[in-house]
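K.L.:
Input sequences plus hints: build the corresponding full structure.
As given, the protein sequences belong to chains X and G, one line each in that order. Note that the numbering used here gives residue 67 to position 67 of the first sequence, counting from 1, and the numbers run on in steps of one. Note that the numbering used here gives residue 317 to position 197 of the second sequence, counting from 1, and the numbers run on in steps of one.
Treat the hints as calculated values from the structure; they're not laboratory data. All residues carry an ideal CB built from backbone N, CA and C; glycine is no exception. One thing to keep in mind: the hints can contain errors.
Taking beta-carbon pairs under 7 Å as the criterion, some of the chain X residues facing chain G (in silico) [what the hints assert, rightly or not]: (1) S86; (2) L88; (3) I99; (4) F103.
Below, each chain spelled out in residue letters.
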Amino acid sequence: MANPSTNAVKTKKPMSKDKKTVIILLVVVALLALIPLFTLKGAEFGGSDDAGSQMISQVQGKEYTPWATPVLEQLIGGELPGEVESLLFCVQTGIGVGIIAFFLGRFVERKKLGKEDQEL
Amino acid sequence: MTKKQRWLVSASAAFSLCFGIMPAAFAMHIMEGYLPVGYCVLWGVVSLPFLIWGFISIKKTVEENRRSITLLAMAGAFIFVISSLKIPSVTGSCSHMTGTGLGALLFGPAAVSVLGIIVLIFQAILLAHGGLTTLGANTFSMAIAGPFVSYGIYLLCNRMKVNRKVTVFLACAVGDLFTYLCDGGGTGLWPIRRKTAAWPLRSSNSWASSRRPSCLWPSSKGFCRWSSSSPLKITPARK
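P.N.:
Quick look at the structure:
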């Protein structure tokens, strides 16, 4: 006998407390990233790598020349251009998100079908 | 101890760890060629036993439960994603987070070292971020030290029966901060040995103030992890 509740129109459930907390936290996290951007006017958001090398030359008292160059920089014969670096970071993010989304989707469907115990 | 007292102790411990320490340098990943050869080899040798342990731990986890491969892949992908994002912080520089806390709480800290080194190799080869020479040092700070601290705090808070959400938050947040600390210590240690300048005073771009807001990042991550792990119905590897 088919379960009547699955055939009927789904009634709207009030948002669970967990969902609300997660949404609020996500908003807080987004604010954390955006607030420094807007409040620190004119600040150069350089990477900490440059800052680190500056710090070292400050402590040492003279310019420090690294004794090895990264593989990619050797291959392209110079420093990695800023845009290409952004591209590669995006690719990295994309690969990671792709993996997460694939498995997450699988879990959601598995649960929906109610076949959690089967080897799906 | 009452519940409130326990909470107070754990919160104050985390606080003092976050704000009471003033290390010198503050690079996220140590750049290629910025550590002398001896130190590179040293850090590599130090990281190796942890990696072997991690490999064995992963093998054991997978043998116990085939489904844990997917969760392991997701934890690894999480590290991948999070460490690629440059987030601006309060002092005007950007930083990457590590994301190793999740894996540490789910699989134990040893397994995360293997995941971390994969991400580091990818970043070193394809992105020129971090480096192959400094792989040992970066692995130790990001994939070994951080997760171990995360796991330690998780066990400590569990022992003191702190609320689960707070536990995960503290574990991930402090673990991440400890990674920065180790990076700073690792980078800062060798030039300062030569010149015995006062270590805390040299930190012009003060590490602690730059990390203060970004320690909330791991906390919210931490909660998202907690809430995401419940529907998957998988409890952390060790009790």
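K.L.:
Next step is simple, just say for each hint if it's right about the structure.
P.N.:
Verification of the supplied hints:
no. : hint : result
1   : S86  : 9 Å, violated
2   : L88  : 5 Å, holds
3   : I99  : 4 Å, holds
4   : F103 : 5 Å, holds
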